[in-house]
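Participant: Sequence:
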Amino acid sequence: MKNIVLERSDEKSEGKPIVLVFLKNYVINPFRSGLFGFAAFFSILIATKLFSYWIGTYSFFTVDADDVTLSAIGFVLVAIIKFLENFKQNEF
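Number 98 in my numbering belongs to position 75 of the sequence shown; there are no gaps in the numbering.
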């Protein structure tokens, strides 16, 4: 009887210490993706406020602390999604 053994090997992590691979997968990549999410949310908020200023809905253009707080939601959402991708099952 023949057995087939499937091993999950990350080609990029061969020869690297396990701590560096762990930090890259569970800390650095989610943080980097979170920064992208923050930038995306912040850009959308700024563009919306700027557009509403141009069409005359608002008489002034400001960026408040609330805008940064709302953009932090983008950071958290994207970072959590990227972090949880490490736990998804591979389909063979």
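Think of the hints as simulated: they come from the structure by calculation, not from any bench. Ideal Cβ positions, reconstructed from N, Cα and C, are used throughout, including at glycine. Be aware that one or more of the hints could be misleading.
In silico DSS-like cross-links for lysine-lysine, where the CA-CA straight-line distance does not exceed 27 Å [what the hints assert, rightly or not]:
#1 Lys111 <-> Lys47
#2 Lys105 <-> Lys39
#3 Lys111 <-> Lys39
#4 Lys47 <-> Lys105
Distance windows between CB atoms, simulated [claimed, not checked]:
#5 Ser75 <-> Leu43: 45 to 51 Å
#6 Gly38 <-> Ala70: 29 to 35 Å
#7 Phe74 <-> Ala95: 50 to 56 Å
#8 Phe45 <-> Phe83: 19 to 25 Å
#9 Thr80 <-> Ile103: 45 to 51 Å
#10 Pro40 <-> Ser66: 52 to 58 Å
#11 Ile41 <-> Asp90: 39 to 45 Å
#12 Gly79 <-> Leu46: 27 to 33 Å
Participant: Determine whether the Cβ-Cβ distance between Gly79 and Leu46 falls within the hinted range of 27 to 33 Å.
Facilitator: 50 Å, violated
Participant: Hinted pair, alpha-carbon criterion (27 Å max): Lys105, Lys39. Please report holds or violated.
Facilitator: At roughly 22 Å apart (the allowed maximum being 27 Å), Lys39 and Lys105 satisfy the hint.
Participant: Indicate whether the distance between the beta carbons of Ile41 and Asp90 respects the range 39 to 45 Å.
Facilitator: 40 Å, holds
Participant: Falls inside 52 to 58 Å, the C-beta gap from Pro40 to Ser66?
Facilitator: Since the Cβ atoms of Pro40 and Ser66 sit about 37 Å apart, the hinted range of 52 to 58 Å is violated.
Participant: The hint says 19 to 25 Å between Phe45 and Phe83; measuring C-beta to C-beta, is that right?
Facilitator: Violated - the Cβ-Cβ distance for Phe45 and Phe83, about 48 Å, lies outside 19 to 25 Å.
Participant: For the pair we were handed, Lys111 and Lys39, check the Cα-Cα distance against 27 Å.
Facilitator: This hinted pair holds, its Cα atoms lying about 23 Å apart.
Participant: Are Lys111 and Lys47 close enough, with their CA atoms no more than 27 Å apart?
Facilitator: Between Lys111 and Lys47 the Cα gap is close to 17 Å, so the pair holds against 27 Å.
Participant: When you take the CB atoms of Ser75 and Leu43, is the distance between them in 45 to 51 Å?
Facilitator: 46 Å, holds
Participant: Take the C-beta atom of Phe74 and the C-beta atom of Ala95, compute their distance, and say whether it sits inside 50 to 56 Å.
Facilitator: 22 Å, violated
Participant: Given the hint that Lys47 pairs with Lys105, does the C-alpha gap stay at or below 27 Å?
Facilitator: 12 Å, holds
Participant: Given the hint of 45 to 51 Å, check if Thr80 and Ile103 actually sit that far apart at their C-beta atoms.
Facilitator: With Cβ atoms ~33 Å apart, the hint is violated.
Participant: Does the Cβ-Cβ separation between Gly38 and Ala70 fall within 29 to 35 Å?
Facilitator: 45 Å, violated
The structure shown violates the earlier hints numbered 6, 7, 8, 9, 10, 12.
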